[in-house]
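Produce the entire structure from the sequences given, and follow the hints as far as they go.
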Amino acid sequence: MNKLLFALISTLACAASGANAGEVFVAVAANFTAPMTKIAAAFQQETGHKATLSFGSTGKFYAQIHNGAPFQVLLAADQDTPAKLEREGLTIPGSRFTYAIGRLALWSKQDGLVDAKGEVLRAHNFEKIAVADPKLAPYGAAAMEVLDKLGVRQVLQAKIVQGENISMAYQWVSTGNAQLGFVALSQIMTDGSIAYGSSWVVPTTLHAPIRQDAVALKNSKDNIAVTTLLAYLQGDKAKSIIKSFGYEF
Numbered sequence: 021m022n023k024l025l026f027a028l029i030s031t032l033a034c035a036a037s038g039a040n041a042g043e044v045f046v047a048v049a050a051n052f053t054a055p056m057t058k059i060a061a062a063f064q065q066e067t068g069h070k071a072t073l074s075f076g077s078t079g080k081f082y083a084q085i086h087n088g089a090p091f092q093v094l095l096a097a098d099q100d101t102p103a104k105l106e107r108e109g110l111t112i113p114g115s116r117f118t119y120a121i122g123r124l125a126l127w128s129k130q131d132g133l134v135d136a137k138g139e140v141l142r143a144h145n146f147e148k149i150a151v152a153d154p155k156l157a158p159y160g161a162a163a164m165e166v167l168d169k170l171g172v173r174q175v176l177q178a179k180i181v182q183g184e185n186i187s188m189a190y191q192w193v194s195t196g197n198a199q200l201g202f203v204a205l206s207q208i209m210t211d212g213s214i215a216y217g218s219s220w221v222v223p224t225t226l227h228a229p230i231r232q233d234a235v236a237l238k239n240s241k242d243n244i245a246v247t248t249l250l251a252y253l254q255g256d257k258a259k260s261i262i263k264s265f266g267y268e269f
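The sequence shown finishes on residue 269 if you use the working numbering, and the numbering steps up by one all the way, no holes.
Just so you know, these hints were derived from the structure itself, not from any lab. Small disclaimer: the values here were computed from a predicted structure and weren't measured. For each residue, glycine too, the CB sits at the ideal point set by N, CA and C. Please note: incorrect hints may appear among the correct ones.
What the hints assert, rightly or not - Computed beta-carbon distance windows for the label pairs:
1. Tyr216 x Glu108: 38 to 48 Å
2. Asp242 x Ser213: 37 to 47 Å
3. Asn197 x Pro113: 25 to 35 Å
4. Asn145 x Ala41: 18 to 28 Å
5. Pro113 x Glu66: 26 to 36 Å
6. Lys179 x Asp131: 19 to 29 Å
7. Phe269 x Gln65: 21 to 31 Å
8. Ala83 x Asp242: 20 to 30 Å
9. Ser74 x Asn197: 22 to 32 Å
10. Asp256 x Ala143: 15 to 25 Å
11. Ser74 x Glu108: 33 to 43 Å
12. Thr224 x Lys155: 15 to 25 Å
13. Ala41 x Glu147: 43 to 53 Å
Claimed, not checked - Once the Cα atoms are required to be at most 25 Å apart in a straight line, the calculated BS3-like pairs of lysine-lysine come out as:
14. Lys241 x Lys70
15. Lys257 x Lys80
16. Lys137 x Lys179
17. Lys137 x Lys263
18. Lys148 x Lys169
19. Lys155 x Lys80
20. Lys241 x Lys129
21. Lys263 x Lys148
22. Lys179 x Lys169
23. Lys104 x Lys257
24. Lys257 x Lys70
25. Lys70 x Lys129
Written as structure tokens, this is what we have:
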């Protein structure tokens with residue numbers, strides 16, 4: 021963390037103590053559920069501010085923001101949505117930045133089903149494969165891009181089941197309703213290692229980078245908790261948590 025950013029966080033943390041502690045309402049892309057839950061706890065402990073989190077698909081959050089949802093910060097699963105909100109005048113100018121670069125994984129809770137090169141997609145010896153809705157979820161769009169590049173989308177089309185967001189795709193697999201699926205690496209990784217099952221971490225050459233941007237929304241003006249959270253997300257503690265879930269920068 022650079023000295024200026026550290027000084028900013030320290031100053032704002034002091035201001036947040038006691039009656040000055042604030043609250044920030046954050047719309048969080050579903051893939052970032054686990055790391056943001058951990059970050060929010062550390063954020064409150066260290067600054068006194070509370071981050072109230074809502075999790076869901078980036079596309080759905082975009083619609084909700086347009087319909088007046090009281091979110092003050094958006095942690096999107098892409099760059100396009102925050103940039104679009106920025107162009108539409110719905111954000112605080114200059115507040116947007118990339119907080120993480122996501123990784124896509126093909127995962128099964130069954131040991132040995134998914135091989136280290138993803139050849140299971142060509143063998144297609146499974147009944148269902150789960151993906152997030154590519155119209156709402158950037159991870160779903162990335163998954164479909166992978167299937168296209170591998171030339172297997174058409175042959176697997178009848179086996180594809182969609183969840184509204186990446187959490188629902190994960191649930192399809194974790195409950196056994198789908199034998200495998202494309203999930204965020206962060207959903208199956210804890211403390212730098214994959215918890216269980218079999219997986220293929222998809223090479224980044226097979227899909228566009230999943231750059232995830234944060235932005236302060238227009239109704240957050242003059243909210244010190246918002247300013248403090250955005251600074252905290254760029255600090256060493258938050259970055260360490262983010263990295264432990266498989267994200268890059």
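To see whether the hints hold, each was checked on the structure:
As the Cβ distance of Tyr216 to Glu108 is approximately 43 Å, the hint placing it in 38 to 48 Å holds. In this structure the supplied range 37 to 47 Å holds for Asp242 paired with Ser213, their Cβ-Cβ distance being about 42 Å. In this structure, Asn197 and Pro113 break the distance hint of 25 to 35 Å, their C-beta atoms being roughly 44 Å apart. As the Cβ distance of Asn145 to Ala41 is approximately 55 Å, the hint placing it in 18 to 28 Å is violated.
In this structure, Pro113 and Glu66 meet the distance hint of 26 to 36 Å, their C-beta atoms being roughly 27 Å apart. The hinted window of 19 to 29 Å between Lys179 and Asp131 holds, with their beta carbons roughly 21 Å apart. Checked against the hint of 21 to 31 Å, the C-beta distance between Phe269 and Gln65 comes to roughly 23 Å, which is consistent with it. Distance hint check: the CB atoms of Ala83 and Asp242 are about 26 Å apart, consistent with the given range 20 to 30 Å.
Roughly 25 Å separates the CB atoms of Ser74 and Asn197, a value that falls within the hinted 22 to 32 Å. Taking 15 to 25 Å as the suggested C-beta distance range, the pair Asp256 and Ala143 does not conform, at roughly 43 Å. A C-beta distance of roughly 21 Å is found between Ser74 and Glu108, which places it outside the suggested range of 33 to 43 Å. For Thr224 and Lys155, the Cβ-Cβ distance of about 22 Å falls inside the hinted range of 15 to 25 Å, so the restraint holds.
For the pair Ala41 and Glu147, the beta carbons lie near 51 Å from each other, so the given range of 43 to 53 Å is met. Restraint check: the Cα-Cα separation between Lys241 and Lys70 comes to about 17 Å, which is no more than 25 Å; the hinted pair holds. A C-alpha spacing of about 29 Å is found between Lys257 and Lys80, which places the hinted pair above 25 Å, so the restraint is violated. Among the hinted pairs, Lys137 with Lys179 is consistent with the structure: their alpha-carbon atoms are about 20 Å apart, no more than 25 Å.
Taking the CA atoms of Lys137 and Lys263, the gap is near 23 Å; set against the 25 Å cutoff, the hint holds. For the hint pairing Lys148 with Lys169, the CA-to-CA distance comes to about 20 Å; that is within 25 Å, so the pair holds. This hinted pair checks out: Lys155 and Lys80 have alpha carbons roughly 10 Å apart, not beyond 25 Å. A distance of roughly 44 Å separates the Cα atoms of Lys241 and Lys129; the hinted pair therefore is violated under the 25 Å criterion.
Pair hint Lys263 plus Lys148 does not hold up; C-alpha atoms about 31 Å apart against a cutoff of 25 Å. For the given pair, Lys179 sits about 18 Å from Lys169 by alpha-carbon distance, which is consistent with the 25 Å threshold. Between Lys104 and Lys257 the CA atoms are separated by roughly 29 Å; this puts the pair beyond 25 Å, and the hint is violated. Under the criterion of a C-alpha separation no larger than 25 Å, the hint pairing Lys257 with Lys70 is consistent with the structure, at around 17 Å.
A hinted pair counts as satisfied when its Cα atoms are at most 25 Å apart, and Lys70 with Lys129 does not qualify at roughly 35 Å.
Checked against the numbered hints above, the structure violates hints 3, 4, 10, 11, 15, 20, 21, 23, 25; every other hint is satisfied.
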